[in-house]
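K.L.:
Since chain L is already given, all that's left is putting chain W on it; use the hints.
Chains as they are written, first to last, in the UniProt record's numbering: chain L, 1 to 191; chain W, 1 to 215.
Hints listed in this document are in silico derivations from the structure and should not be mistaken for laboratory results.
From a predicted model like this one, the values you see are computed outputs, not experimental measurements.
Heads up, a few of these hints could be off.
[Stated by the list, open to error] Below, simulated DSBU-like cross-link-like pairs (lysine-lysine); rule was C-alpha separation at most 30 Å, straight line:
| hint | chain 1 | residue 1 | chain 2 | residue 2 |
| --- | --- | --- | --- | --- |
| 1 | L | K144 | W | K88 |
| 2 | W | K209 | L | K114 |
| 3 | W | K26 | L | K144 |
| 4 | L | K18 | W | K49 |
| 5 | L | K114 | W | K150 |
| 6 | L | K61 | W | K49 |
| 7 | W | K88 | L | K61 |
| 8 | L | K144 | L | K12 |
| 9 | W | K88 | L | K31 |
| 10 | W | K88 | L | K114 |
| 11 | W | K88 | L | K19 |
| 12 | L | K19 | L | K31 |
| 13 | W | K88 | L | K12 |
| 14 | W | K186 | W | K150 |
| 15 | W | K49 | L | K12 |
| 16 | W | K149 | L | K114 |
[Stated by the list, open to error] With the Cβ distance kept under 10 Å, some of the chain W side facing chain L (calculated, not the full set):
| hint | residue |
| --- | --- |
| 17 | P32 |
| 18 | D75 |
| 19 | V90 |
| 20 | L96 |
| 21 | F123 |
| 22 | V125 |
| 23 | F135 |
| 24 | I136 |
| 25 | E194 |
We put the CB at the ideal spot given by N, CA and C, even for glycine.
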Amino acid sequence: MAPIARRAHALKEALDRKKLIPEGFIENFTKLMEVDWDPANGARVVARAWVDPAFRTLLIKDGTRACEQFGYTGPQGEYIVALENTPTLQNVIVCTLCSCTAWPVLGLPPDWYKSFEYRSRVVRESRSVLREMGLDLPESVEIKVWDTTAETRYMVLPFRPAGTEGWSEEKLASIVTKDVLIGVARPLANA
Amino acid sequence: MDGIHDLGGTDGFGTVPHHVNSQSYKPVFHEPWEHLAYSLLFLGADHLKTFNVDELRHAIERMEPRQYLAAPYYDRIVVGTASLYVEKGVLTQAELEALAGGAFPLARPQTEGRAARPTRSHFEVGDEVIATRDFIRGHTRMPKYVRGKKGRIVHRTSVEWPFPDAAGHGREALRQPTYHVSFDAKDLFGDGAEASSVVVDLWEGYLEKAGAPNV
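Looking at chain L on its own, in the form it has when it is part of the complex (with noise of 0.2 Å):
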């Protein structure tokens, strides 16, 4: 078999060649996928839910809408639900069947998200899995795993930690990670 990065510039020589590929389709893709879709987007409307209550309310109500009003809609995000964590409920995002993200709101997936382990094991051994991958929580807190199996793009809404009481929404957003809009961890106030 050819390696893998002369089959994939194979296709893109193919269909280049048929003048299939408009100019710069590629490039503007490519940048969607790099710099726009980031965690860094989630986080900010996480943030805002945390300090806002009725946008908070809007969040868990109709999650397309609320982040609409960031622009963080598109391909792989057009029909967003946002999970909401309690202290004793742990709400976990996976894809079995495949990687499926809310790719404008979270990010492209990353590898271990999309590794064989993560897939089969998330749903069926889900606290040792969390705990091996340095999520320890204890028996009292329960555990939702929602597997991404049609349309719907989930995030996780984590609890607001205690002791940021009168951050900015910036400080906010700084301590919610890709990993915790997936669900595999929990924001720190000392982080």
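P.N.:
Just chain W now, kept in the frame of chain L:
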């Protein structure tokens, strides 16, 4: 399709290769060709309308299982995308192999898929439902770990989408809402289950009212 891709609940894999918050996630792509995978997929799906994303998912599922397991993620996107351009008559495998300077194995052949069962009734939040006992040779978005299991509706979508078992084969597809169906993890994985519940987003055509005969 009960293929190798339907991994939920499969045993034997090791630890997830990640420790929380240890990565900056930049750069997004690690190899100079990786951005081509999604770019050329969206060229075909969004711009040229040669195929749809359901067909792409199914093309990847149709990869020979050993090739699927050995290929990195973006390699699978390239193989699935290339397979569809060839199956739709846009490119030939011969020209791809000539340009690649070696073999370019594609997905295995398509089956015919199935039409959506006509919608009989909407379900409501709180309803108990059974995921159908259907065994599907073609594309489907119902992971096999919920087949025949009882769950409870927690959300009905306000939008309807093409039934993937038809759309994934390039067939005309009825639109249906999907439902977030919450399954007790113990019903899925026994007493060893480590979550309280697993919520799966299922098209209406995958569901029956609990207690109704399986027809």
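K.L.:
Now, for every hint given, state plainly whether the structure supports it.
P.N.:
Results for each hint:
1. K144/L with K88/W: Given that 30 Å is the threshold and the Cα spacing comes to 41 Å, the pair is violated.
2. K209/W with K114/L: violated (33 Å)
3. K26/W with K144/L: Holds. K26/W to K144/L sits at ~29 Å (cutoff 30 Å).
4. K18/L with K49/W: Status holds; Cα separation ~16 Å.
5. K114/L with K150/W: Given that 30 Å is the threshold and the Cα spacing comes to 28 Å, the pair holds.
6. K61/L with K49/W: This hinted pair is violated, its Cα atoms lying about 33 Å apart.
7. K88/W with K61/L: Not OK: K88/W and K61/L at ~41 Å, beyond 30 Å, violated.
8. K144/L with K12/L: violated (41 Å)
9. K88/W with K31/L: holds (28 Å)
10. K88/W with K114/L: holds (28 Å)
11. K88/W with K19/L: holds (17 Å)
12. K19/L with K31/L: Answer holds: K19/L to K31/L is near 22 Å, not above 30 Å.
13. K88/W with K12/L: holds (16 Å)
14. K186/W with K150/W: holds (11 Å)
15. K49/W with K12/L: OK: K49/W and K12/L at ~17 Å, within 30 Å.
16. K149/W with K114/L: At roughly 26 Å apart (the allowed maximum being 30 Å), K114/L and K149/W satisfy the hint.
17. P32: P32/W check passes; min Cβ-Cβ to chain L is 7 Å, inside 10 Å.
18. D75: This hint holds: D75/W lies near chain L, its Cβ roughly 5 Å from the closest one there, short of 10 Å.
19. V90: holds (7 Å)
20. L96: holds (5 Å)
21. F123: The hint is violated - F123/W has no Cβ within 10 Å of chain L, the shortest such distance being about 14 Å.
22. V125: With a minimum Cβ separation of about 13 Å from chain L (threshold 10 Å), the hint on V125/W is violated.
23. F135: Violated: closest Cβ of chain L sits about 16 Å from F135/W, beyond 10 Å.
24. I136: This interface hint is violated because 13 Å lies over the 10 Å limit.
25. E194: holds (4 Å)
The structure fails to meet hints 1, 2, 6, 7, 8, 21, 22, 23, 24 from the earlier list, while all remaining hints are met.
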